[in-house]
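Protein sequences, first through last, are from chains A and B. Here full-length UniProt numbering is used: the first residue of the first sequence is 1, the next is one more, and so on. Here full-length UniProt numbering is used: the first residue of the second sequence is 1, the next is one more, and so on.
Hints were generated in silico from the structure; no laboratory data involved. We put the beta carbon where it would ideally sit given N, CA and C, even for glycine. Any given hint might turn out to be false.
A few chain A residues facing chain B, derived, Cβ under 7 Å [unchecked claim]:
#  : residue
1  : Val49
2  : Trp88
3  : Arg91
4  : Leu92
5  : Arg94
6  : Ile95
7  : Leu98
8  : Glu100
9  : Glu103
10 : Arg108
11 : Gly110
Label-pair distances were calculated between CB atoms; the ranges are [said to hold, decoys possible]:
#  : chain 1 : residue 1 : chain 2 : residue 2 : range
12 : B       : Pro43     : A       : Thr60     : 24 to 34 Å
13 : B       : Ala100    : A       : Leu36     : 26 to 36 Å
14 : A       : Gln34     : B       : Met60     : 43 to 53 Å
15 : A       : Thr60     : B       : Arg105    : 32 to 42 Å
16 : B       : Asp17     : A       : Pro12     : 25 to 35 Å
17 : B       : Met60     : A       : Lys76     : 18 to 28 Å
18 : A       : Ser87     : B       : Asp17     : 22 to 32 Å
19 : A       : Ala75     : B       : Met60     : 22 to 32 Å
20 : A       : Leu36     : B       : Thr87     : 15 to 25 Å
21 : B       : Gln30     : A       : Asp11     : 53 to 63 Å
22 : B       : Arg105    : A       : Gln41     : 48 to 58 Å
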Amino acid sequence: MNDDLWSAIGDPTRRTMIDLLLAGGSGTATTLAQELPVTRQAVAKHLAVLDRVGLVTGRTAGRERHYQIDEAQLAKAVAQLNAVGASWDARLRRIKRLAEAIERKRDRDG
Amino acid sequence: MEYGSIERDILVEASPDVVFDVVSKPEHVQEWWPDEARFEPVPGAPGELLWRDPDTGETMAVEMTVVEVDPPKRFSFRWVYAEPDRTGPSLLVTFDLLPADNGTRIRMTETGFREMGWEIAVLEEAYNDHVTGWDKYIPALGAYVDKR
């Protein structure tokens, strides 16, 4: 389990930034700040957090750094998150199967 | 809406006392979860859940503590402690059993994610939206590719 990755996307502002980057293809601290209720400096800090865990990659073009989502890393994060809920679905299905088998056996044996 | 926990609901065609045994007795728990479960179904009892890696033969033990034992209505325990020796924040799993037509409804909740600083449940919800999006777009892309 990668705690850094999870805490990186645990922040609602950063999740909105991920959505904006997915929708727009790429963005800079300036363009993202225009769509968020936070300053350009705050956006730059959030981008640095996302960059550190590999969720975004940046390249410098002109005076600004352009960021885009690293889809492989995002997919990995999504898979980890879904595994947490999905594993309970699987466990509960096994509980159901087991309990119903015991119940049937009990009915049969009287 | 708050998503600090994971909640699941399942209808089982078995009586509450059968279901209670399945969720609370180690010999049953190891049938549906770890390779081995070591605990006494007694409030406060420390225990362990063990998984064995068949390739390396290594055993991974996860500490747990039984919290509530109220047959045939509720069984709860803590696991995934942040610190060794069952200290620090942990996750709380609760099974509530409700009598239903032809059986029992199990309501499972797992809470404590926010305290762990993970917000897993929050993220699961948020990212399921993306997965739903991908599930929708990827077949569309397949159909598009097929037409070419």
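Leu92 (chain A) as chain B interface residue, shortest Cβ-Cβ below 7 Å:
Where the cut-off is 7 Å and the nearest Cβ of chain B is about 5 Å from Leu92 (chain A), the hint holds.
Taking the beta carbons of Pro43 (chain B) and Thr60 (chain A), is their distance inside 24 to 34 Å?
This hint is violated: roughly 59 Å between Cβ atoms.
Arg105 (chain B) and Thr60 (chain A) - C-beta distance against the hinted 32 to 42 Å
violated (57 Å)
Hint Val49 (chain A) vs chain B: min CB-CB distance below 7 Å?
This hint is violated: Val49 (chain A) lies away from chain B, its Cβ roughly 14 Å from the closest one there, beyond 7 Å.
Do Ala75 (chain A) and Met60 (chain B) keep their Cβ atoms within the hinted range of 22 to 32 Å?
holds (26 Å)
Close enough to count: is the Cβ of Arg91 (chain A) nearer than 7 Å to one in chain B?
holds (6 Å)
Agreement of hint Ile95 (chain A) with chain B interface, Cβ distance less than 7 Å
Holds, because the Cβ-Cβ distance from Ile95 (chain A) to chain B comes to roughly 5 Å (cut-off 7 Å).
Proposed interface contact between Glu100 (chain A) and chain B, which counts if any beta carbon pair is under 7 Å:
Since chain B brings a Cβ to about 5 Å from Glu100 (chain A), closer than 7 Å, the hint holds.
Is it true that the C-beta distance of Arg105 (chain B) to Gln41 (chain A) lies inside 48 to 58 Å, as the hint says?
holds (51 Å)
For the hint on Leu98 (chain A), does the least C-beta distance to chain B fall short of 7 Å?
holds (5 Å)
Cβ separation of Ala100 (chain B) and Leu36 (chain A), checked against the hinted range 26 to 36 Å
violated (46 Å)
Gln34 (chain A) paired with Met60 (chain B), Cβ distance criterion 43 to 53 Å:
holds (48 Å)
Of the numbered hints listed earlier, those contradicted by the structure are 1, 10, 11, 12, 13, 15, 16, 20 and 21.
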